[in-house]
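> Given next are the chains, with one letter for each unit.
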Amino acid sequence: MAVRTPARPQASPQSAPARAPRRLPSLKTAIIAAVAYIMAVIFVLPYLEMLITAVRPSNQLYARNYLPTHFAWSNLTDMWGSAYGILSSLRVSIEIALGATILVLLVSLPAAYYTARRRFRGRGLFLILVLATQMLQPVALIIGIYKQFLDVGLLNLNPVWGLILVNGGFNLAFSIWILNAYISSIPVELEEAAMVDGHSRLGAMFRITLPLAMPGIVTALIFTFIAAWNEFISALVLTNGNDSPLTVRIDSFVGAYQIDWQHLFGASVVATIPVFILFALIEGRVVGGLTAGSIK
Amino acid sequence: MSDIATAEARSAEPGPARRPTRTLRRRLASFQPLLWLGPAIALIAFVVIWPIVTMIQTSFQNIDPYGIDIGSAGWSNFTQIFNNPVLPGILVRTLVWVVSAVGLTMLISLGLAALFNQRFPGRRFARWAIIAPWAASVMATALIYRWMLAPDSGVIYLFLHQIGLISHFNEQTPDWLGQPDVAMICMIAVAVFVSLPFTTYVLLAGLQAIPGDIYEAARVDGSSRWYTYRRITLPLLRPAFLVGAVINLMNVFNSFPIIWEMTRGGADYNMATSTVFMYDLKTINIGQSAAMAIINFALVIVIVIVFLRVNRWNNQEAR
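Read top to bottom, the protein sequences are chains A and B.
If you read the first sequence in the numbering used here, its first letter stands for residue 533, the second for the next number, and so on.
If you read the second sequence in the numbering used here, its first letter stands for residue 11, the second for the next number, and so on.
Treat the hints with care, since some could be wrong.
As the list claims (entries may be wrong) - To spell it out: a stretch of chain A is covered by chain B in this simulated footprint if at least three of its residues, at any positions, have a beta carbon under 8 Å from a beta carbon of chain B; those stretches are:
#, stretch
1, 564-572
2, 643-657
3, 695-702
4, 746-759
5, 794-804
Stated by the list, open to error - These stretches of chain A come out as covered by chain B in the derived footprint (C-beta under 8 Å, 3 or more residues):
#, stretch
6, 594-602
7, 678-684
In case anyone wonders, no lab produced these hints; they're calculated from the structure.
Being a predicted model, the structure only gives us computed values, none of them experimental.
Quick reminder that beta carbons are idealized off the backbone N, C-alpha and C, glycines included.
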């Protein structure tokens, strides 16, 4: 067998295999680029408005202009005061997202490895179970989750643990699919060669397969982190006050008599900007994991 | 130890007996999948299966607003929902919400995917820009739109006023989010906005899976660009299109944050879909809320099946 490089499970949009049938005339390219840039700006503008509102002086909050006469940068510093609770919610958000990410890694990696490398009884059944969970969302089960946690007493114990479990469970499928695809694409011969060299099977897995599957692992981790970070409805149902993550904290601004829009968007900036950066890192590989189950 | 068992399992599987202890080893090996898959199964059981069972139980229970179980309710939770006068409006609104949001998303995404599949300088950055609504939490995006539609200061009104589409921009400016029909249009627009990046990326991946030589051949045959797109690109894009559409159907049906943050479902649920209605029932009567969740389950399955049926039908007709 010829040397086979591990193929990526899904052609990344970056790799652009679509050969342009012919060289486009430059005017055409310019028009396409212009339209694409306009679209890009339309997609970003709302978030720009979020940034601008976060630093609007309070006496110009409802001013009828795109930009205030000056920026109140102090909004971004005073929002950390304990009255707003953004700091404690940030901590909760980090705990939930990190906890869910670690949980998903520990649980999905063995499952993905085993289903990619072995054929055994119940394999198909397991993969169908995983696909079924991918079809479900916390919203659809939220009443059951709420009642279950009420019955188990997890609600009073520590909602953060409950949310780690919920987020871990609902992001497991994505992670298993994408890791399964990556591991399957790595030739088993590489592992066997390492075992001939004296490594154990687990040693071969850790030294050969996992490093090669690293792009998939990183994608799965970042995706889970973002999904858990952004998750809203189960956090809304299961937490309140200082136990709540940023999404619920932002929502609580809306319940107030007078919405404090600057600080609401200040918190939104904190909740959004890290996610933009993380998402840009994995952007090309996410689609593969989200659609893998349904295409195969 | 697990290494030995693994090696044994491999050699034991295909061939006949080679060692006297094979049955014991085999029995051990048959438990091996559980070792690797067990944690995943346990997590799914706790987070997905248990809530489903609990939800079904709850839908037949009579639970008072303080959370005390007063006993079995039989089917009364379901009948009370079906007898609720707000239900028909909610179902119609849900259908309009799902069909128009998914339809518009798919249509616009086809254009966006074709656009971003072209080569132009700075494409990478432009693609990064369009993922913003996908990366951001939907509730934050919904709140930004609510703010941009704030009466007498929202920048959307300001812009429309400047280009002459809205004549007044003062205290008398209509509050779009306060009028149920207009608010629904606004919220559907937001649903489309947050669904576009994912859908565009799915279609882009589909476009890039189409081999370039097909276009080469079409070009040699002298087909026009539009003809090529209609007769070659669209049919080959079909699998990606269907996957994108089905995932969007489920996402949009289950969408809660947009309506919740922009209008909280309105007065008497006049801006609520069935998902928002289910959530709202939770505080009033959790048994009915669980029943509504089960009805939603059925609705989503019906919508997806109808969609796939209609699609297969169209496909056969086209042939």
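> Run every hint past the structure and note whether it holds.
Hint check:
no.	hint	in the structure
1	564-572	holds (count 7)
2	643-657	holds (count 9)
3	695-702	holds (count 5)
4	746-759	violated (count 1)
5	794-804	holds (count 5)
6	594-602	holds (count 5)
7	678-684	holds (count 5)
Of the numbered hints given earlier, the model fails hint 4 alone.
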